[in-house]
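Undergrad: Letter by letter, the chains look like this.
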Amino acid sequence: MKKKHSIMRSIAAAPHVFWSILFIILPLIIVVYYAFTDSEGSFSFENILSLADYAPIFALSLELSVIATFICLIIGYPMAYIIAKAKPERQKLYIMLLMLPMWTNLLIRTYSIMAILDDGGFLNSLLNTSLHIVGTKGAVIFGMVYDFLPYMVLPIYTCVSKIDKNMWEAASDLGCKPVQVMTRVILPLSTSGIISGVTMVLVPSISTFYISQKLGGGTFELIGDTIERQFVTGALNTGAAISLVMMILILISLSVMNRFTDSDEGGIIV
Amino acid sequence: MKHLSRIYLILIFGILYIPILTLILFSFNAENSTAVFSGFSFRWYIELFNSPDTFEALRNTLILAVLSALISTVIGTAAAEGIYRMRSKLMKSAISSVTNIPMMNPDIVTGMSMMLFFVAVFGILGLSGDSMGFVTMLIAHVTFCLPYVILSVLPRINELGNSLSEAALDLGCTPIQAFFKVKLPNIMPGVISGMVMAFTMSLDDFVISYFVVGSSSFQTLPLLIYSMTKKKVTPDMYALSTLVVVTIFILLVISNLKSGKRVGDKRKGGVKK
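Just so you know, the protein sequences line up as chains R and Y, in that order. Here the first sequence is numbered in our numbering, starting from 1 and rising by one per residue. Here the second sequence is numbered in our numbering, starting from 1001 and rising by one per residue.
One thing to keep in mind: the hints can contain errors.
[Unchecked claim] Listed next, the in silico DSBU-like pairs over lysine-lysine satisfying Cα-Cα at most 35 Å (straight line): (1) Lys162(R) <-> Lys1181(Y); (2) Lys92(R) <-> Lys1089(Y); (3) Lys162(R) <-> Lys1231(Y); (4) Lys165(R) <-> Lys87(R); (5) Lys1231(Y) <-> Lys92(R); (6) Lys162(R) <-> Lys1002(Y); (7) Lys92(R) <-> Lys1002(Y); (8) Lys1231(Y) <-> Lys137(R); (9) Lys87(R) <-> Lys1002(Y); (10) Lys85(R) <-> Lys177(R); (11) Lys85(R) <-> Lys1002(Y); (12) Lys1092(Y) <-> Lys1231(Y); (13) Lys177(R) <-> Lys92(R); (14) Lys165(R) <-> Lys1002(Y); (15) Lys85(R) <-> Lys162(R); (16) Lys1092(Y) <-> Lys162(R); (17) Lys137(R) <-> Lys1230(Y); (18) Lys177(R) <-> Lys165(R); (19) Lys177(R) <-> Lys1002(Y); (20) Lys1089(Y) <-> Lys162(R); (21) Lys1089(Y) <-> Lys1181(Y).
No wet-lab data here; the hints were simulated from the structure.
With the hints as constraints, model all of the structure from the sequences given.
TA: This is how it looks when you write it as structure tokens:
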């Protein structure tokens, strides 16, 4: 009787639980199934073993996305800090300016960068030069930074703007120099914002395929491109195996990063 | 220091906006070029408005976004209430970790997993890939919108606590009445912001839609833009993008003015007192 009562209490969650099992858990089980079978449907380790061939692509994706994330952090932290310290009306304006590119579709933003940087593009015709930018690693990194910078700034901004104003005074009253206030008080207090910013930039950059397709000029392949190619050519088993490994790596690194923050503040941005 | 930080902001915002402004500029180009500006014209807009594909894609995108926002808001709000009432901590954290999977996972993995799921289900049912499309996309969109709704409603419910609903129950409401008449109006801001977020997520999604659309001819704006950018692009893609950017800009300004007004009203009220 009592048990029935406690289930009845949370019956409202039932549709969601049902939905999650059907459309989140089951698809993941199917990914595992595909990863461990061949195209005939019989069990095989071949897909997983063939992943060794893709190790250089994994490494390249990791390299480019880590560099992009780092640049976003270096550019984004001061930006978030300046915005958080501005007058309230100005803060609103800045946040709006930041949201507009974020809400503009990623395909559009990436394509317009390509049109600017391309060999016969706007920049070259404007400067009358023949710079070769698209097709280099730098262009792909630039695209990642450009596309995902707002995702770094917003969580850090949310976090810094919540820090009590008295902290600055208290720290300097207690003898901190301005630099020390920054490194000993403000930075540690904004760790949770930094971590969610890093996650929100790293995950989409490591898995992108559009940015590398457009700005990489087809000269090199990232792991997202590999998955997309398997999907287009119908090599679903290999695609599933790569997806599985990527998911496991990302979920592990996310849970490691979440260890460093005890609160879940700043994890979600509006 | 003040000047320095202002210059820094202007510089970064400048870089963020140059591509968008170039895009708007070239949408008015008289010639078929995205590199050399040769004169002002509405040519590409006219061409865009004469293409039935664009309108169909726009209509599809809006229908999909409205439906996925509504469905995920209903399921998500109910789920938040259910999760709040759950006694078992283990159950709570299990549900929220599963819910967050689509949010943490890269889109490409979510897309891949749902695509394989639909292929399997359609295989069992004996349907061809052509019948994928609207339904599979709707299911996928609701799935990735749900965590955003729950994350925006659940804090409101936690904040509100139980006393109001208990009072309503004491005063003779049935549990369902207590929820709809007392609790729901109080958590409405969270429900609305969850719904808006779900709507924009659905509107903006490309990767997951790309994977689950199958071989059907159902098209949304992001899918249309993708197929347009695969070939050599003509400025009509720019015209389309300009319209998207301008719409978003207007929506942002309206929502900002509204919330600014609210702040202003409060201040006025304070003075009166």
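Undergrad: Confirm or reject each hint.
TA: So, going through the hints one by one against the coordinates:
A threshold of 35 Å between alpha carbons decides the hint, and for Lys162(R) with Lys1181(Y) the separation of about 33 Å falls inside it, so the pair holds. Under the criterion of a C-alpha separation no larger than 35 Å, the hint pairing Lys92(R) with Lys1089(Y) is inconsistent with the structure, at around 38 Å. With a CA separation close to 47 Å, the supplied pair Lys162(R) and Lys1231(Y) exceeds the 35 Å bound. Restraint check for Lys165(R) and Lys87(R): the C-alpha separation of about 13 Å stays at or below 35 Å, so the hint holds.
A hinted pair counts as satisfied when its Cα atoms are at most 35 Å apart, and Lys1231(Y) with Lys92(R) does not qualify at roughly 39 Å. About 21 Å separates the Cα atoms of Lys162(R) and Lys1002(Y), which keeps this hinted pair within 35 Å; it holds. A C-alpha spacing of about 18 Å is found between Lys92(R) and Lys1002(Y), which places the hinted pair at or below 35 Å, so the restraint holds. Between Lys1231(Y) and Lys137(R), the direct Cα distance comes to roughly 23 Å. Compliance with the 35 Å bound is thereby established for this hinted pair.
This hinted pair checks out: Lys87(R) and Lys1002(Y) have alpha carbons roughly 12 Å apart, not beyond 35 Å. Among the hinted pairs, Lys85(R) with Lys177(R) is consistent with the structure: their alpha-carbon atoms are about 18 Å apart, no more than 35 Å. For the given pair, Lys85(R) sits about 10 Å from Lys1002(Y) by alpha-carbon distance, which is consistent with the 35 Å threshold. Between Lys1092(Y) and Lys1231(Y), the direct Cα distance comes to roughly 48 Å. Violation of the 35 Å bound is thereby established for this hinted pair.
Straight-line distance between C-alpha atoms of Lys177(R) and Lys92(R) comes to about 30 Å, which keeps the hinted pair within the 35 Å bound. Taking the CA atoms of Lys165(R) and Lys1002(Y), the gap is about 18 Å. The hint holds against a cut of 35 Å. A hinted pair counts as satisfied when its Cα atoms are at most 35 Å apart, and Lys85(R) with Lys162(R) qualifies at roughly 11 Å. Using a Cα cut-off of 35 Å, the hinted pair Lys1092(Y) and Lys162(R) holds, with the two alpha carbons roughly 28 Å apart.
Using a Cα cut-off of 35 Å, the hinted pair Lys137(R) and Lys1230(Y) holds, with the two alpha carbons roughly 21 Å apart. Proximity of Lys177(R) to Lys165(R) is assessed by CA-CA distance (about 16 Å); at most 35 Å being required, the pair is judged to hold. Restraint check: the Cα-Cα separation between Lys177(R) and Lys1002(Y) comes to about 19 Å, which is no more than 35 Å; the hinted pair holds. Only pairs whose Cα atoms come within 35 Å are accepted, and Lys1089(Y) paired with Lys162(R) is accepted, the gap being roughly 28 Å.
Taken as a hint, the Lys1089(Y) and Lys1181(Y) pair is honoured in the structure, with Cα atoms around 28 Å apart against an allowance of 35 Å.
Of the numbered hints listed earlier, those contradicted by the structure are 2, 3, 5, 12.
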